[in-house]
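Each protein sequence line maps, in turn, to chains A and B.
For the first sequence, position 49 matches number 49 in this note's numbering, and the numbering has no gaps at all.
For the second sequence, position 108 matches number 219 in this note's numbering, and the numbering has no gaps at all.
Read the hints as simulated data drawn from the structure, not as lab findings.
There may be inaccurate statements among the hints.
[Said to hold, decoys possible] Here are the computed distance ranges between Cβ atoms for each label pair: (1) A:42 to B:138: 23 to 33 Å; (2) B:114 to A:49: 12 to 22 Å; (3) B:129 to A:18: 48 to 58 Å.
Here a beta-carbon is modelled for each residue, glycine too, at the ideal position from N, C-alpha and C.
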Amino acid sequence: AQKVTQAQTEISVVEKEDVTLDCVYETRDTTYYLFWYKQPPSGELVFLIRRNSFDEQNEISGRYSWNFQKSTSSFNFTITASQVVDSAVYFCALTLNDMRFGAGTRLTVKP
Amino acid sequence: EPEVTQTPSHQVTQMGQEVILRCVPISNHLYFYWYRQILGQKVEFLVSFYNNEISEKSEIFDDQFSVERPDGSNFTLKIRSTKLEDSAMYFCASSEASRLQYFGPGTRLTVT
Numbered sequence: 001a002q003k004v005t006q007a008q009t010e011i012s013v014v015e016k017e018d019v020t021l022d023c024v025y026e027t028r029d030t031t032y033y034l035f036w037y038k039q040p041p042s043g044e045l046v047f048l049i050r051r052n053s054f055d056e057q058n059e060i061s062g063r064y065s066w067n068f069q070k071s072t073s074s075f076n077f078t079i080t081a082s083q084v085v086d087s088a089v090y091f092c093a094l095t096l097n098d099m100r101f102g103a104g105t106r107l108t109v110k111p
Numbered sequence: 112e113p114e115v116t117q118t119p120s121h122q123v124t125q126m127g128q129e130v131i132l133r134c135v136p137i138s139n140h141l142y143f144y145w146y147r148q149i150l151g152q153k154v155e156f157l158v159s160f161y162n163n164e165i166s167e168k169s170e171i172f173d174d175q176f177s178v179e180r181p182d183g184s185n186f187t188l189k190i191r192s193t194k195l196e197d198s199a200m201y202f203c204a205s206s207e208a209s210r211l212q213y214f215g216p217g218t219r220l221t222v223t
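So that you can see chain A by itself, here it is in the shape it has in the complex (with noise of 0.2 Å):
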């Protein structure tokens, strides 16, 4: 089964903290993708990061820094120095021939 799990639903922190959404996926397959996508209110799906499932260094981009560990199907996120601005639902996906998304991440960052 292709599924992604991510089992916290809300989270809420205060500006500057540090913040990790967790994210667990399960497939059969050995090739693959994982994705983070940012849904602010607004609505619309903004890509943050694609992964395939050889390349296990972690990535930093700004604020933004990923985790992806093979060994425990693991692909978490963490955002550093968090902003208002950082408040959103945050979903991560899989990729075989569709995309399986997550229950989604709401992050609340309050000032």
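Starting from the structure of chain A, add chain B where the hints point.
For chain B alone, coordinates are given in the frame of chain A:
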């Protein structure tokens, strides 16, 4: 930067009516998709389309749904007889073979 566009941004229709949601994928992409997101829920795959035919569809994509690529640029989703539970945001996406799917901004469908 090329992007996927969708029209209309918001469609209101009465139960039982037919609606057509339109998408213009990125021009050199070959794979097209529709997804649905009911308010407050996750994004769900509906259908993928390649080489002028459906390549995969989910259990949600029943006989009331159909997709078409009527010309070289548009990709449409038709819902034949809308139900209240069809109210959702519908996202179109397109990709080359790389599996990096680019999403459109979505069409919010409200069925009254």
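Do the hints match the structure? See the list:
A beta carbon spacing of about 25 Å between residue 42 of chain A and residue 138 of chain B agrees with the range 23 to 33 Å that was offered as a hint. Look at residue 114 of chain B against residue 49 of chain A: about 18 Å separates their beta carbons, and that is inside 12 to 22 Å. Between residue 129 of chain B and residue 18 of chain A the Cβ separation comes to about 49 Å, which falls inside the hinted range of 48 to 58 Å.
Comparing the model with each numbered hint stated earlier shows that all of them hold.
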